[in-house]
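**Student:** Chains as they are written, first to last, in our numbering: chain A, 1 to 104; chain B, 105 to 208.
Hints were generated in silico from the structure; no laboratory data involved.
Because the structure is a prediction, the values reported are computed rather than measured.
We put the beta carbon where it would ideally sit given N, CA and C, even for glycine.
Accuracy of the hints is not assured; some may be wrong.
Stated by the list, open to error - In the DSBU-like style, the derived pairs of lysine-lysine whose C-alpha atoms are separated by at most 35 angstroms in a straight line are:
| # | chain 1 | residue 1 | chain 2 | residue 2 |
| --- | --- | --- | --- | --- |
| 1 | B | K110 | A | K6 |
| 2 | B | K110 | A | K31 |
| 3 | A | K31 | A | K6 |
| 4 | B | K135 | A | K6 |
| 5 | B | K110 | B | K135 |
| 6 | A | K31 | B | K135 |
As the list claims (entries may be wrong) - Just a few of them, taken from the derived set where beta-carbon distance is under 8 angstroms, the chain A residues facing chain B:
| # | residue |
| --- | --- |
| 7 | M1 |
| 8 | P4 |
| 9 | M26 |
| 10 | M35 |
| 11 | L36 |
| 12 | M40 |
| 13 | R45 |
| 14 | P47 |
| 15 | E62 |
| 16 | A84 |
| 17 | E91 |
Number of protein chains: 2
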Amino acid sequence: MLGPGKAELLARIRDTGSISAAGRQMGMSYKRAWMLVEEMNRAFRAPVVTSTRGGAGGGGAEVTEAGEAVLRLYRAVVERAAEAAAVELAELEAMLRPAGAAGA
Amino acid sequence: MLGPGKAELLARIRDTGSISAAGRQMGMSYKRAWMLVEEMNRAFRAPVVTSTRGGAGGGGAEVTEAGEAVLRLYRAVVERAAEAAAVELAELEAMLRPAGAAGA
């Protein structure tokens, strides 16, 4: 339903008021950003983003109240999970090759 | 580095002694299963799976001690995270459309 990519997109839509601007900030095509928004809107009972196309300002997008709640809950999940599993995550990370060496 | 798919593949390799059998159980092509194993072996300092191709038994695969540790830690992370974020996860789930209704 939601992972780090979609959550970041949602936060950036809230900050920019634009799906395409939010996607662009993440190096995403306009089409992909829209697709992800549509996936989220389908997944949740209430839409997380509403948008208007065209118009004086060239259209815009808004994160709904439900979208704000989803974002808040998602961040709480990530934060609590990271705290609770900090020891095991650190052990796992210590087993990883240092970043950048993976392709060696 | 590791998500539910790779962790499950690792567990099934341990259970079956075969990368292709493990992948098949998950509806994965032989090529994809090998690719995922190679990604894991590159990501970690020590290989998580060792394999022999051909031979009397048609080759086989074994999860290494490092692989066992990775699997154990991954499961602990998931378990602790789910416990710690149970309330927020339940709230998020309640906001989702019932399964199967997403395509409606």
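**Student:** All the hints need checking, so say for each whether the structure fits it.
**Tutor:** Status of each hint after checking the structure:
no.	hint	in the structure
1	K110/B with K6/A	holds (21 angstroms)
2	K110/B with K31/A	holds (29 angstroms)
3	K31/A with K6/A	holds (14 angstroms)
4	K135/B with K6/A	holds (29 angstroms)
5	K110/B with K135/B	holds (14 angstroms)
6	K31/A with K135/B	holds (30 angstroms)
7	M1	holds (6 angstroms)
8	P4	violated (12 angstroms)
9	M26	violated (20 angstroms)
10	M35	violated (14 angstroms)
11	L36	violated (14 angstroms)
12	M40	violated (10 angstroms)
13	R45	holds (5 angstroms)
14	P47	violated (11 angstroms)
15	E62	violated (18 angstroms)
16	A84	holds (3 angstroms)
17	E91	holds (5 angstroms)
Checked against the numbered hints above, the structure violates hints 8, 9, 10, 11, 12, 14 and 15; every other hint is satisfied.
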